[in-house]
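Participant: Listed below, chain by chain, are the residues.
Number of protein chains: 2
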Amino acid sequence: MKSKNIWKNALKLIPGGNGLLSKRPLRFLPSGWPTYFKDAKGININSLDNKNYKDFSIMGIGTAILGYSNSYVDKKVKKAISKGINTTLNCYEEYLLAKELLKHDRFAQQVKFAKGGGEAMAMAIRIARSSTKKYKVVFSGYHGWHDWYISANLSNIKNLNNHLLKNLKPLGIPKSLKNSTIPVDFNNEKKLIQIFKKNKDAGILVVEGARNQYLSSNFVKTINQLKRKKKIIVIVDEITSGWRETLGGVYKKAGLLPDIVIYGKALGNGYPISAVIGKKKFMEKGNKTFISSTAWTERVGFVAALATIDFMKKNKVFINIKKKGKFILNSWISLAKKNNLEITTNNFYSMPSFYFNYKNIDNEVLHTMFTKLMLEEKYLATNYMFISFAHSDERINKYLKSCDKVFLKISKFLKKKILKNSKTKRRLTY
Amino acid sequence: MKSKNIWKNALKLIPGGNGLLSKRPLRFLPSGWPTYFKDAKGININSLDNKNYKDFSIMGIGTAILGYSNSYVDKKVKKAISKGINTTLNCYEEYLLAKELLKHDRFAQQVKFAKGGGEAMAMAIRIARSSTKKYKVVFSGYHGWHDWYISANLSNIKNLNNHLLKNLKPLGIPKSLKNSTIPVDFNNEKKLIQIFKKNKDAGILVVEGARNQYLSSNFVKTINQLKRKKKIIVIVDEITSGWRETLGGVYKKAGLLPDIVIYGKALGNGYPISAVIGKKKFMEKGNKTFISSTAWTERVGFVAALATIDFMKKNKVFINIKKKGKFILNSWISLAKKNNLEITTNNFYSMPSFYFNYKNIDNEVLHTMFTKLMLEEKYLATNYMFISFAHSDERINKYLKSCDKVFLKISKFLKKKILKNSKTKRRLTY
Chain A
1 MKSKNIWKNA LKLIPGGNGL LSKRPLRFLP SGWPTYFKDA KGININSLDN
51 KNYKDFSIMG IGTAILGYSN SYVDKKVKKA ISKGINTTLN CYEEYLLAKE
101 LLKHDRFAQQ VKFAKGGGEA MAMAIRIARS STKKYKVVFS GYHGWHDWYI
151 SANLSNIKNL NNHLLKNLKP LGIPKSLKNS TIPVDFNNEK KLIQIFKKNK
201 DAGILVVEGA RNQYLSSNFV KTINQLKRKK KIIVIVDEIT SGWRETLGGV
251 YKKAGLLPDI VIYGKALGNG YPISAVIGKK KFMEKGNKTF ISSTAWTERV
301 GFVAALATID FMKKNKVFIN IKKKGKFILN SWISLAKKNN LEITTNNFYS
351 MPSFYFNYKN IDNEVLHTMF TKLMLEEKYL ATNYMFISFA HSDERINKYL
401 KSCDKVFLKI SKFLKKKILK NSKTKRRLTY
Chain B
1 MKSKNIWKNA LKLIPGGNGL LSKRPLRFLP SGWPTYFKDA KGININSLDN
51 KNYKDFSIMG IGTAILGYSN SYVDKKVKKA ISKGINTTLN CYEEYLLAKE
101 LLKHDRFAQQ VKFAKGGGEA MAMAIRIARS STKKYKVVFS GYHGWHDWYI
151 SANLSNIKNL NNHLLKNLKP LGIPKSLKNS TIPVDFNNEK KLIQIFKKNK
201 DAGILVVEGA RNQYLSSNFV KTINQLKRKK KIIVIVDEIT SGWRETLGGV
251 YKKAGLLPDI VIYGKALGNG YPISAVIGKK KFMEKGNKTF ISSTAWTERV
301 GFVAALATID FMKKNKVFIN IKKKGKFILN SWISLAKKNN LEITTNNFYS
351 MPSFYFNYKN IDNEVLHTMF TKLMLEEKYL ATNYMFISFA HSDERINKYL
401 KSCDKVFLKI SKFLKKKILK NSKTKRRLTY
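Line by line, the protein sequences give chains A and B.
Quick note: the first sequence uses my numbering, first residue 1, plus one each step.
Quick note: the second sequence uses my numbering, first residue 1, plus one each step.
Pulled out of the complex, with its shape left as it was, chain A reads as follows (with noise of 0.2 angstroms):
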């Protein structure tokens, strides 16, 4: 298998094999995995080695909302290429970006852009700190790789267990950082409140628009209040969950007060495009400070957003997305119940995900196993998937009858008590 090699190839010359943990093969099926595409279109993904396979799984970790290489996009970005896209004089669609996006997000009234998800969070915590001197920050999430966030882990190597990954060792964060950072869990209001209380140096908190479940009214509520009496500065990271279920932010839907909200990854359907939109209070003391890159002012990414969010008004994206992610979740309750599968699920529904839920049972097995008769199925799929336009009815259909021979397949496994803690089971650790 031509691809594999590579991939054996690839793994000692990039620490990792690759520059996101996402796509690494040993998150699905360590051995079965595809690994390199060739080509993909829609949700059809060709692989390195000729092989089809459709996507309900990641679709390239939730950027390819309306589905890969879409047309109306790409046509818009192949005719900004042809006209120049980084000069020494500045792209206009940087400044129509911002206008457009402002619509969207009414209580802000600035924004800036970056290309990844990861430093446009680092910048918004910059410029929350640049505006307030409780210069702390308790959070919920994941929010990237840098400093100010995995500076969480310095104090108990277990803070960011369920956020991003198990005991992770904070290397090579200054130790000078320690408690600079304090995680709380989704949604769990109490322990919000008494964090605030016992920590008066912290002034800022950064939350997800949704994290597999939506955000609790309580969770709001709190966080409202919190903001209105102790002045903290709310952070919405809507990286992942940003675009999926309304245009802009979920926090939307919950009656969050964000002061600054960032977006990334759907918002250019896969070119690299990222933004942190806030008051303008807080925006203008950022720009005090220093911040700038020379590849947030090149042309693509602003093109590319411009235009999937044109498309996203013009075909009510979200809705789309919405309807059919509840009615794959709904058909994954159902198909377990019929083949006697115990399963849990979370109800984000554009990013629907279920867990096999047995107790004397390695559950990762099971997750696994899925996926791998699954491929054999010509899917690519995991226990979460991100919903895209470019999904159709008549596929999910087709994907859903292939998810109930598979859940079959493993409820007889489970009867025969055959099943052994696979060598070859996903690693979720890093």
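Keep in mind the hints are simulated off the structure, nothing from the lab.
Using N, Cα and C, we set each Cβ at its ideal position, and we do this for glycine too.
Some hints here could point you the wrong way.
Chain B regions said to be covered by chain A (calculated; three or more residues, Cβ under 8 angstroms) [as the list claims (entries may be wrong)]:
1. 114–127
2. 160–174
Counterexamples of contact, computed for chain B against chain A with all Cβ distances above 12 angstroms [unchecked claim]:
3. N156
4. N360
5. N363
6. E394
7. K415
On the provided structure of chain A, position chain B as indicated by the hints.
Facilitator: Below, chain B alone, put in the same frame as chain A:
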């Protein structure tokens, strides 16, 4: 003027008007610099106001090493776009680019990629700090906007004066990072020795491959000695200098022995791509900390870099550029002499610069005047420039004729003493 009004509006929506300090009009000619481009090819830029300029200034802040809209690179990028850019599976080109880069940096065994230069530097610092207990960073030069770097100004607001900007307040940087970073002037080997003698917890050195001037042999000798004797980890920032005078970093020509090298800017001829290249023992350590980003695995940057390197190899771009830069630098000197102007120059030939050097005059007024008068000649020009492969000998000669004309005018102004501290003077501060 259409673009002037757009810029005014952009300043309201985007702090500073754009994402990069170096592309702001106030850096050149606050009220007259054209601001936005419509299209660009070679060294030609058509502004949004439909005026044509030849770029003899920063060429997309050094990204457009082959010239704008290089057909060879753009064709390969467009082809890649047609086949998909960011899928659940990996890009083969990530591996190919790693392999290619390691041919040119023989000291190294591994590579990690990012999009921007600043984030690649932050990654390098994380990797280095993962590998040593002596976490303090001694640095010379400009290395981006991240906390590790800006923290230098926590102990003294002038620390970054010779490297980034004058008196930059370290807003938003945790105070606990005070003294974690120590500046040293470029080519000042005596100071370098002192710093490492005094700071036993300093184990990392960051220098630029070139900074207006080449690395001096004494500075290089000292660094190589420090590395040998004290096991200092040496990081060479080639984000700006790389690929201009050799394939890879100019550190090679100076005989510097790095542990980690960073490339960016020119590497993708304008498409965002950056690389951290290092010894396996450090890179693997860095892989035990969490460094990961979705944007980094997108395909366009890899494809663009492979094509750019290919073009540079085939056309010996680095020889071409250095020769032209040397010619322009020497021509500035002769033309200044001819017109009785006092200038000093810097000798990093691929990025030549000159400075008016008068004692009782604000030289910034003269630099601004140069830009203003050159703009009337249809050149984007300032007192420094990035040479590109697209600067033809014929056009360079025409440009130098305009320089001659403009130098004469400035000379006359100086004689008549009609210079004032113009209100429209350029501002290099933030």
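Participant: So is B/E394 really clear of chain A, every C-beta pair being over 12 angstroms apart?
Facilitator: Answer for B/E394: holds, closest chain A Cβ roughly 21 angstroms.
Participant: Could you check that no beta carbon of chain A comes within 12 angstroms of the beta carbon of B/N156?
Facilitator: Given a closest Cβ separation of 16 angstroms, the condition holds.
Participant: Beyond 12 angstroms from chain A, beta-carbon-wise, is B/N363?
Facilitator: Correct as stated: the minimum Cβ-Cβ distance to chain A is 22 angstroms, above 12 angstroms.
Participant: How does the coverage statement for the stretch 160–174 of chain B fare against chain A, requiring three or more residues with Cβ below 8 angstroms from a Cβ of that chain?
Facilitator: That given contact holds, which follows from 9 residues of the stretch 160–174 of chain B lying within Cβ reach (below 8 angstroms) of chain A.
Participant: Just double-check B/K415 for me: nearest Cβ-Cβ distance to chain A has to come out over 12 angstroms.
Facilitator: holds (32 angstroms)
Participant: Can you confirm whether chain A covers the stretch 114–127 of chain B, using C-beta to C-beta distances below 8 angstroms and requiring at least three such residues?
Facilitator: holds (count 10)
Participant: With 12 angstroms as the threshold, tell me whether B/N360 passes as away from chain A on beta-carbon distances.
Facilitator: holds (32 angstroms)
In terms of the numbered hints stated before, the structure departs from none.
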